[in-house]
Amino acid sequence: MGALAGGTLASGAVVGGLGALAAPAASQQLANAQKRVLVVNMAGGLSQLESWDPKPGTPTGGPFRAIPTSVPGMHICELLPETAKQMHHLSLVRSINTKENDHGKGQYMMQTGRRRTPAGDFPRLGAVAAKALNNPANSLPGHIVISAGGSGSRSNDAAYLGPQFASISMGNGKPPQNTDRPAAVSEASELQRHAFRRRANDRFAQRRRTAMTDAYTANYEQALELMKQRDVFDVSKEPQAELDRYGKHDFGRHCLLARRLLENDITFVQVTHSNYDTHNENFNFHLEQLDEFDSPFATLIADLADRGMLESTLVVVLSEFGRTPNINQNYGRDHWGTAWSICLGGAGIQRGAIIGKTNGNGTKVEDREVDHGHLFHTYLQAVGVDSTDHFDIDGRAMPIADPAYQAIDELLA
Amino acid sequence: MAWCFKLHCLPGSVAVCLVGLLLSQTPAAEPLHVRIDRQLDQASLGAVAEPASDGEFLRRIYLDLVGLVPPADVARAFLNDTSPDKRVAVIDRLLATPEHARYLASVFDIMLMERRPEKHVKRAAWEAYLLDSFAQNKPWDQLAREVLGADGTDEKVRAAAAFYLFRDGEPNLLTRDTGRVFFGMDLQCCQCHDHPLIDDYYQADYYGIFAFLNRGFLFTDASKEKKVFFAEKAEGDVKFTSVFTKESGRTRPRLPGDVPIDEPIFAAGDEYLVKPENKVRPVPKHSRRARLAELATNGENMLFNRNIVNRLWGHMLGRGMVDPVDLQHPLNPAVHPALLDLLATEFVAMKFDIRALLRELALTRTYQQSLKTPTSLAAQAKLAAEQLPGLTERRSVAATTLNAAREQAVTARKAFDVAQAAALAVADEHNTANAVVATSQKKADEAAKKLSESMAALVASQDVAQALTTAAEKAQLAVAKLPKEKELAAAAATIAARASTLGKEVAAAQQKVDDLQPANLAAAKALADAKAAAAEVASRLTVENQKLEATRAPVQTTAAALLVAQSGLAEVDSQLALVNDLAALHQLQATAATADMALKAMNASLAGVRQELEVVTQGLPPLLAAVTTATAKQDEAGKALQQVASQVTAAQEAATLIATAAATAEVAAGKLPKDTELKKAAGVVAARSTALAAELATLQKELAEKQVAAKAMTAQLGDAQAKEAAARQRMTELAQRIASDEAKLPDLETGMREARHAAGEREAKLLEGWGERFFASPLVPISPEQMAWSLMQVTGQIQQQRAAASAAVDKTLPIDPKNPNDPAQLSAREAAIEKEVHTKLRPNVKKFVDLFGHAGGQPQTDFFATVDQALFFANAATLQSWLNPGAGNLTDRLNKLEDPAAFAEELYISVLTRRPNNDEVADVASYLAARPKEKLAAAKEMAWALMSSAEFRFRY
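Chains S and X are the protein sequences, given in the same order.
Going by our numbering, 349 is the number at position 349 of the first sequence; the sequence numbering is gapless.
Going by our numbering, 1018 is the number at position 18 of the second sequence; the sequence numbering is gapless.
These are computed hints drawn from the structure, not numbers from a lab.
Careful: at least some of the hints might be erroneous.
Straight-line Cα separation of at most 30 Å, DSS-like style, residue types lysine-lysine; simulated pairs [as the list claims (entries may be wrong)]:
(1) K1846(X) x K228(S)
(2) K1122(X) x K1840(X)
(3) K1525(X) x K1512(X)
(4) K1711(X) x K1633(X)
(5) K357(S) x K99(S)
(6) K1156(X) x K1138(X)
(7) K1138(X) x K1122(X)
(8) K174(S) x K1525(X)
(9) K1119(X) x K1275(X)
(10) K1504(X) x K1275(X)
(11) K1233(X) x K1275(X)
(12) K1122(X) x K1835(X)
(13) K174(S) x K1846(X)
(14) K105(S) x K1449(X)
(15) K1711(X) x K1639(X)
(16) K1512(X) x K1531(X)
(17) K1156(X) x K1351(X)
(18) K1227(X) x K105(S)
(19) K1122(X) x K105(S)
(20) K1504(X) x K1449(X)
(21) K237(S) x K248(S)
(22) K1239(X) x K99(S)
(23) K1600(X) x K1382(X)
(24) K1119(X) x K105(S)
(25) K1847(X) x K228(S)
(26) K1531(X) x K1233(X)
(27) K105(S) x K1504(X)
(28) K228(S) x K1935(X)
(29) K1382(X) x K1351(X)
(30) K1279(X) x K1119(X)
(31) K1119(X) x K1840(X)
(32) K1525(X) x K1442(X)
(33) K1119(X) x K1227(X)
Note that this is a predicted model, so its numbers are computed, not measured.
In isolation and in its complexed conformation, chain S is listed as follows (with noise of 0.2 Å):
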């Protein structure tokens, strides 16, 4: 807003109702201050059993034994034993039952909330936090998406909200695409270029000003605010001990980043850990898989919990959906919508709470079953979000969340 502040800002000259629009946002701003939203998604499935819902010494419990947690009373799998100290900061829901045993339909389900339907899509998660606790005065953008190959372009999974509440794809210390000013401009140059087209800007908005305007000439003051913020996204620039801390594996780097993320306010974070899929030796892999996930995982509560984050940081891990209780021939376990777990916590989520439950092979849920559709809700409104509102997309009220669902209260602190 910079080249805006310094133009002739006569109050009844201000087409667009810029008062209007600015008063409200700041509102919104503050009793939103600091909220964020961070999931690590466990691509491919992961297993129930082997992590948040243990089943030792019945037939279709696998050979893992169950360990006590920093909550008493609350065991999961001994595979995740870093976890278990933290637990006291996290909550587990067991009675998850989708319906839906394909991984894209799962995926869907759980980021969007609701089922994929032919006529239209629904935004992300991560694109409904980016945009209800969005945070004009933040140049990073709101939504990030972490994996290995991400290549600091914008994806397009925001439906009817709109591009501006996509997700950045984030790789391995890259910046955002364009964050290096040509060669050929100087640094003096450059804040020439930037200052004439300030000034055309500023002539131009005497002749017409409209939050459209406001938006198009802020949006290159934030561009230049990113540029000077590109170290955010280099994970590298951490302290060697931290680096250390979290491990050399791409899943502890991007947990590393992804704190490193959430600390400069940006509003969500999706860490994705590959691959669950485990229809074949599924109790190597998940030895595997969940050995690299517990020790990073852990850290990451532990240094949020630190530092007051978790106050104000939803964590969610999920999946697509869980494991068939049964072994197949393979020692490999199959897709499984019918009875699994998440785990979550932080912001508005009581902390060691455990809300459902399977019966005592697993095999489907007996207490408080729920889908991604209450799920979906309990996020939201962890964070301050009334989940129950609408969005005004250009005219159409959009529900926020599926109307047909509501929020897991018990969970809500």
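Fit chain X to the known structure of chain S by using the hints.
Then chain X, alone, in the frame of chain S:
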């Protein structure tokens, strides 16, 4: 409830009334653009923006008709052109270019497809189809009919099926997008229930369109290229249940705003031209899709007509009269309902000629006005206040009319619904009866088959039996002739025996035939009965359908009247809203002025008080001095008085004594007359007494004077003291007043600020609304395509490619030297050049679409700004490379200019299609002056800055 908006079936009086309303008593001979301007003039109370400058106009018309800003040389020539018709000339010139057809094809592609990826038919084929359509200025009804009617089988227009095929033939998606794109109604919410927020969007509306399309399915043929078609079945009725109310409904195909269509009745098995079979594309006798294409586009569906003119208006004027363009409903009426209806009616009368309508729109004063809103609305506010009573009265009349129209429409609609329910019930019976016919047919066929098989067996056995009988008879005759031949006799006996057995077999076969006969007869009768029953039901269905048909016309008539009434009320409401806004602004401005005056008065009075305090405070020291002086003087006078008084006392004592002495001496002298000495002495004493008396008198007089003086001094002191006290009192008072006034000041200031802010907000809103009502040109973002092509125009990419393409065309289509001005030849060359330039440069557009466009399948109109856009502009190689100098491009031209003013003019005309003002020239000059040895770099930077400016980003 949605209603029919057909006009053709109106009784004369209603039609006349309708036409009268639409044309507002204007002679029909007047061009449309004149009528448009007049309607808007009336609505705006006369306050419209000034005409756009030549530069504004040229940039606008280029963006709207060919999708990019004009080249610098064209802009300069236009600005220099003094002919009065130059605007009309440029409109007509652009409408005739191949670039215009290309651009409209792209606009309609985005409208119809919303950047969906290709599926089942090539995007290139679809684009070629659209380009060809716009090159020949295909009327909209025809284009829409081809698109809605296409199943992909007609090779000539196969690509038109892309609307269905890109959407995978998914009936829900097609229903939503058909509603949005062709009727301006987004019915998505109505898939599962009546629209929660919009009263007139019903679940039945959604399923009315759905029923036209749900029989469609994708069919892949056996050809090598595995062509996909949007085939259609003859089955699939539509029932729906609200997820909220659990109420169910059913519907035949129905256009938005219309009643369900009537459909032909087919006997069982007679529904298809080509029956569905494995690997065979079925062709039903009655295609609902074809009916959709026909009924939507026949000019009678007002929603269809309004939708397209609203979209074309939005294309030219920056914004639909209904906005968003796919949310037409009574809660979101057009800002000028009568004008929209006028355009819809006229567009049908113009035979859906898109180019002609765009031309009329471009010719309006409304199109050619500037973005500057009127600076003062005071005059309008006054006019508004005068209009208010009349409008309020008109509104009440319009509301009454609407209520009556609604009541009639509801009644007609109910009658239709009753008749439809009856017809649907009989249709169900008809379906059942047809099913019975089919079953009976099957049974009868089976019985007949059995019978004919056994009859064939009978005939066969009869033939053999006959032969054997003959043989036996002949053998018997032979045996009679040759009685001794035993072998022969034995053989004859065998034959006779066999003949006899066969005779029994024949009898058995005959018996079987006889046994089957009744079943066959029964089955045949059952079939005949079923057919008779079906025919009976069919005739009843025909009757019910006729009854239903009889209720159709009243629904349509009353619905049309309702539409007129709705438009009428919306028109008045729109006027009222404006007038109320103006009146409210007037009020707010008056309040602000009052608050302003109150504050000013308070400030003025405070200043006065402060000044007085100052004066009084400054006047205090002299007053104090006066008191001091008066005190001293009083003191002095007192002392003097005291002195004189004591002198008087002494003198009085002396005088009394001497007077006694004198009197005594005189008495003594009288007694001693001769004592001259005594007499002399007495005389001396007497004289002295007299003198002393005189002295005393003098002293007494002086005393009196001193007394007066002292009194005066006392009075003076009192006066000075009173003055001082008064001044101090005044100072206290003034200080108190200042304190109390200053305490009031913040409230007054806040009040004034708030009142001014409220007025300012309202005015800003009103001025923005001014643009939304087309009383000033609205400001709208340019599309990603417009941006890409405009940047290529500005930087010279297009010019460079044109030169190359032109050289190439010189070889492929050389100008015939005998006939160098042949228009056909020239236009063929133009088309070839345009195609070549487009092919070469089109790949550059994608990046802009990725960054500035919405996702595929989403509405493409909402503005958004993301940081990656600005980063791309600022840092990506694309723009930087286009700004490298070369062969007369922008930076090359700039680099050769020595005079800063000429430099500035070239820069501004090239990038922003206008001359710079003095400020801007000075700005450019100082930029250049600061970089004396880096002119080229400075040129690139300034060109970049203007291309990145808000003025470039928006069309205004």
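For which of the previously enumerated hints does the structure constitute a violation, in increasing order of number?
Hints 8, 10, 14, 27, 29 not satisfied by this model.
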